[in-house]
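A.B. asks: Taking the hints into account, I'd like the entire structure generated from these sequences.
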Amino acid sequence: MTGTTLDKTFDPAAIEAKWYDHWETQGLFRPARPDAQPFTIVNPPPNVTGSLHIGHALDNTLQDIVIRYERLRGKDALWVVGTDHAGIATQMVVERQLEAKQDKRTNYTREQFIDKVWEWKAESGGTITRQLRRLGCSMDWSREQFTMDPHFTRAVVKVFVDLYNQGLIYRDKRLVNWDPKLKTAISDLEVETREIKGHFWHFRYPLADGVKLDNGADHIVVATTRPETMLADMAVAVNGDDPRYKSVIGKQVKLPLTGRLVPIIADEHADPELGSGAVKITPGHDFNDFEVGKRAGIKPAEMLNMFDAEAKVVQTADGLIPVDLAGLDRFDARKRVVELLESEGLLERVEDRVIQTPYGDRGGAVIEPWLTDQWYVDARTLAQPPMQAVRDGRIEIVPKTWEKTFFNWMENIQPWCVSRQLWWGHRIPAWYGPAMKMNEELGELRPVYIAWPHGFSADSKTIFVANTFEEAQQKANNFYSQFQYFGGNPKIVEKIDHISFMEWFHSENKEGLALTRDEDVLDTWFSSALWPFATLGWPQDSAPPPFGLSEVENPAHGVSTSLDTNGELLKRHYPNDLLISGFDILFFWDARMAMQGMHFMGEVPWKRLYLHGLVRAADGQKMSKSKGNVVDPLGLIDKYGADALRFFMAAMESQGRDVKMDEKRVEGYRNFATKLWNAARFCQTNGIGASQSVAAPAATSAVNQWIIGEVAETLAELDKAMAELRFDAAANAIYHFVWDRFCDWYIELIKPVLSGAEGGSFDDETRAVAGWVLDQILVMLHPFMPFITEELWSAMGDRPHELIVAQWPAPGVAVNREAKREVEWLIALIGNLRTAKAELGIAPGARLAAWLPDPSPATRAIIERNTGAIDRLARLDAIRFAPAPAGAAMQIGAGDANIVVPLEGVIDIAAEKARLEKALAVSQKEAKSLEGRLNNPAFVEKARPEAVDKARADFAAHAAEAERLTAALARLG
RNA sequence: GGGCGUAUAGCUCAGUGGUAGAGCACUAUGUUGACAUCGUAGGGGUCGCAAGUUCAAUCCUUGCUACGCCCACCA
43 MTGTTLDKTF
53 DPAAIEAKWY
63 DHWETQGLFR
73 PARPDAQPFT
83 IVNPPPNVTG
93 SLHIGHALDN
103 TLQDIVIRYE
113 RLRGKDALWV
123 VGTDHAGIAT
133 QMVVERQLEA
143 KQDKRTNYTR
153 EQFIDKVWEW
163 KAESGGTITR
173 QLRRLGCSMD
183 WSREQFTMDP
193 HFTRAVVKVF
203 VDLYNQGLIY
213 RDKRLVNWDP
223 KLKTAISDLE
233 VETREIKGHF
243 WHFRYPLADG
253 VKLDNGADHI
263 VVATTRPETM
273 LADMAVAVNG
283 DDPRYKSVIG
293 KQVKLPLTGR
303 LVPIIADEHA
313 DPELGSGAVK
323 ITPGHDFNDF
333 EVGKRAGIKP
343 AEMLNMFDAE
353 AKVVQTADGL
363 IPVDLAGLDR
373 FDARKRVVEL
383 LESEGLLERV
393 EDRVIQTPYG
403 DRGGAVIEPW
413 LTDQWYVDAR
423 TLAQPPMQAV
433 RDGRIEIVPK
443 TWEKTFFNWM
453 ENIQPWCVSR
463 QLWWGHRIPA
473 WYGPAMKMNE
483 ELGELRPVYI
493 AWPHGFSADS
503 KTIFVANTFE
513 EAQQKANNFY
523 SQFQYFGGNP
533 KIVEKIDHIS
543 FMEWFHSENK
553 EGLALTRDED
563 VLDTWFSSAL
573 WPFATLGWPQ
583 DSAPPPFGLS
593 EVENPAHGVS
603 TSLDTNGELL
613 KRHYPNDLLI
623 SGFDILFFWD
633 ARMAMQGMHF
643 MGEVPWKRLY
653 LHGLVRAADG
663 QKMSKSKGNV
673 VDPLGLIDKY
683 GADALRFFMA
693 AMESQGRDVK
703 MDEKRVEGYR
713 NFATKLWNAA
723 RFCQTNGIGA
733 SQSVAAPAAT
743 SAVNQWIIGE
753 VAETLAELDK
763 AMAELRFDAA
773 ANAIYHFVWD
783 RFCDWYIELI
793 KPVLSGAEGG
803 SFDDETRAVA
813 GWVLDQILVM
823 LHPFMPFITE
833 ELWSAMGDRP
843 HELIVAQWPA
853 PGVAVNREAK
863 REVEWLIALI
873 GNLRTAKAEL
883 GIAPGARLAA
893 WLPDPSPATR
903 AIIERNTGAI
913 DRLARLDAIR
923 FAPAPAGAAM
933 QIGAGDANIV
943 VPLEGVIDIA
953 AEKARLEKAL
963 AVSQKEAKSL
973 EGRLNNPAFV
983 EKARPEAVDK
993 ARADFAAHAA
1003 EAERLTAALA
1013 RLG
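Counted the way my numbering counts, the first sequence spans residues 43 to 1015.
Any given hint might turn out to be false.
To be verified - Below, in silico cross-link-like pairs of lysine-lysine (DSS-like), each with a Cα-Cα straight-line distance of 27 angstroms or less:
(1) K702 - K762
(2) K762 - K442
(3) K762 - K664
(4) K50 - K146
(5) K649 - K762
(6) K706 - K681
(7) K955 - K970
(8) K288 - K254
(9) K223 - K200
(10) K239 - K254
(11) K793 - K862
(12) K225 - K146
(13) K354 - K336
(14) K649 - K681
(15) K225 - K288
(16) K223 - K664
(17) K60 - K50
Please keep in mind that the hints were generated in silico from the structure rather than gathered at the bench.
C.D. replies: Here is the structure:
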């Protein structure tokens, strides 16, 4: 036997890097298994800006456990890995770095800035992938991906173009959630509502033209939490059934400050119960009012806007905002408007009120509803197939309770705003040319110049969505060539600097049409939604690079990935088998993967979706930098080893519950690793080494048969738990087998055999079995604790292959009931004896004599077969099958036997009596309870027969035990 | 307002229609050439409250209480 001699204490740091490098450089994370059944997981790509936090540790540990398990089971296991470009997050990081140098993004061109981001990525982008390696994650790094790799960009563009052509992506002018700090639109999901203390201001709006309410008032009171938006008010709404206001519907209000005359309209939105029952309507700055405005016939294009992109006051289209308010920040404007109205005597009262306030989840700024043109995905249409897939079980959500949340969101899904006013990201593949409009008077199509190329006005441009600029040009050519006549006023043309279009239009060959590309980029989640298939090489059918799509298409930026070009990889690994993610990204990512995957692949992205909770701080609080209660997983790895941290994560992961951080428990699993280490050391020093076979060796001794059976039972538990994704149950099964069965009993029971105390007849067999069992432990534990198990695998002897690619156990034997009974008898004897000694204050090490008159043949055989163990563990001299000599003695029960251990002069008879009486009381109580149940005719009639049988058996056992104890007491006199 | 989850030993959590388990902590102790990051023994719970279903409820049903999370336009 070779291998290496183990140190006394397990030192994780000494082996982790060594094995990880070995696995990776030897290609063991994805051994070639062309004939094996594929098994695929894609890793939620962490932000390239990120570093490993405790949530990643949980998420990736669970995935690694599954992928290592499936790899050991012989599957062609692929764990796809990569990072996400994380648009907003990454741009913010780089901008913050510039700020630290008194610099800013706008000092650079877009191209220059993006280059800086790439530089940053090259420098720091590897942090998290290095950290994932430290955790032991066995991903396929040879195919590492980045969501801005050229092939990924190709996929993103194709998806955008196809969805556009199918009418599932469109441009629309509506209110968006605008982040005035980041100056971009964000989606509904990126808005967090927080409760903020604010006010409810009641203002008097004067009625115009001497109109009065029925009660004689010359004004109408409106209440608002946002006084500043009154500068863009376009109506006052009242409920049509509200008697107070019925008479003034259709009349006008003359707004203070602006003097704008706006109508009083009837709308169901106005709640007579709330405030005064009259509501100011600002369609351009409030989601409700937008709808009210539309119902009142105001077109989005006509809605007044009073803010710029930073939410500072700008003049409205009607020019009515007082000049001294222009340029004020929205919160300053709020104060000022209140002051002005108060000074005019129009402030009726102010209420304190808790306001639901929207915040951007990235920038932390208060979100402003702002009227812009943005790109929207028709999520409602795309959501239908995934819902059906969950309904009919093609996607299984684990735990099932999340289904309801999934459906609730999908059923009420809103159009998804996917355009972002950022520089870092996938630029939208849309190009703009002049709009052509029918001039109704002339009956001619004419280009509309006025608004172009300024602003976001959808109706002033013609959109060409295409895979490439050339393709867009071609589309534009085809489009404009339909028009026979092109007139236009040269003066206007010149003014807007777009003479080139005229020249182009009138040129012979129609070449070189200038189009402007959409400035915006796509929501990060738009691209990560393609992760399950774009990482596998989709789309195969599009042209290879270069395709000149964007400034990010620099080959130097791309991570080298070996894409297969024939589609085999995609065919083999899509659908993925499982997705593991935190429930916090169910909507952001999981649902969108399901939508895009089903739309473009026609099949579910994964067969199962496992959602886990959050890792919380020890006190149950959410971890956050601001609270300062963040636990660094790398620190835990340094202190206890990656194996301990991983085992902790697995053991604590029960479905549907958050994981609470408990460092003591991590420490406990480090101790567990040390325990295993020392058990292996014991084996090693006793000539036990690597097993030669996967199947269990032949065993004739009960102890060996028993432990083989225990392996089989543990394996069954483990497989069941893994099938159900019960990580806690799986971890506990192997933990208790190793510690409670293998270390506490098996090793102790074989010590006499190995030392020759039992005559040496089972030496070789026991060494073979012990070696085999240890091997099974290493394999079964490997998914949870890959480092220590690989080290021990190697240390225990020569191996044909590494543990990571070993074979999952298949004992091929049934549990031997006889052997199990025999060993459990021994365990009971030893345990009961130890308990009795402790309770009677007898030194644990004291060697005692023992008598057992008239043993049953079975018991006698057990005793004779296990003299070594009884001698060593029970510290009893050979049990004599004869009545004990008279005198004080203690009575030890084991199975049907009552062993008498004389303790002349040592024992405190009263103490032994008390001990037996206590035990007797317990037995009698149990027996009585069972007897009562059995005497109840209803129980015997109605209970399941098995339950009745069990009650009878239990009663018999307890009654016998009570009888034995009574006899023992009698012996004591 | 809607939805979901959780309440079991001092702490963190499993669990089952037949009166409860783990780890840590605690108490006592240290004998056998793997291990003190250990061994041995032990104490500790009317399984949130109430009603119902059942022969039997910690487990199923309903209500209540407490805590947490998600979604939602109440100005």
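A.B. asks: Against each hint, give a clear statement of whether it holds in the structure.
C.D. replies: Hint by hint, here is what the structure shows:
1. K702 - K762: Cα-Cα ~25 angstroms, so holds.
2. K762 - K442: 18 angstroms, holds
3. K762 - K664: 32 angstroms, violated
4. K50 - K146: 57 angstroms, violated
5. K649 - K762: It holds: about 18 angstroms lies between the C-alpha atoms, which stays within 27 angstroms.
6. K706 - K681: Cα-Cα ~12 angstroms, so holds.
7. K955 - K970: Holds, because 22 angstroms separates the two Cα atoms, which is no more than 27 angstroms.
8. K288 - K254: Distance ~12 angstroms between K288 and K254 Cα, so the pair holds.
9. K223 - K200: 31 angstroms, violated
10. K239 - K254: 35 angstroms, violated
11. K793 - K862: With Cα atoms ~19 angstroms apart, K793 and K862 stay inside 27 angstroms; holds.
12. K225 - K146: 15 angstroms, holds
13. K354 - K336: 25 angstroms, holds
14. K649 - K681: 37 angstroms, violated
15. K225 - K288: 42 angstroms, violated
16. K223 - K664: Holds: K223 and K664 sit about 26 angstroms apart, inside 27 angstroms.
17. K60 - K50: 19 angstroms, holds
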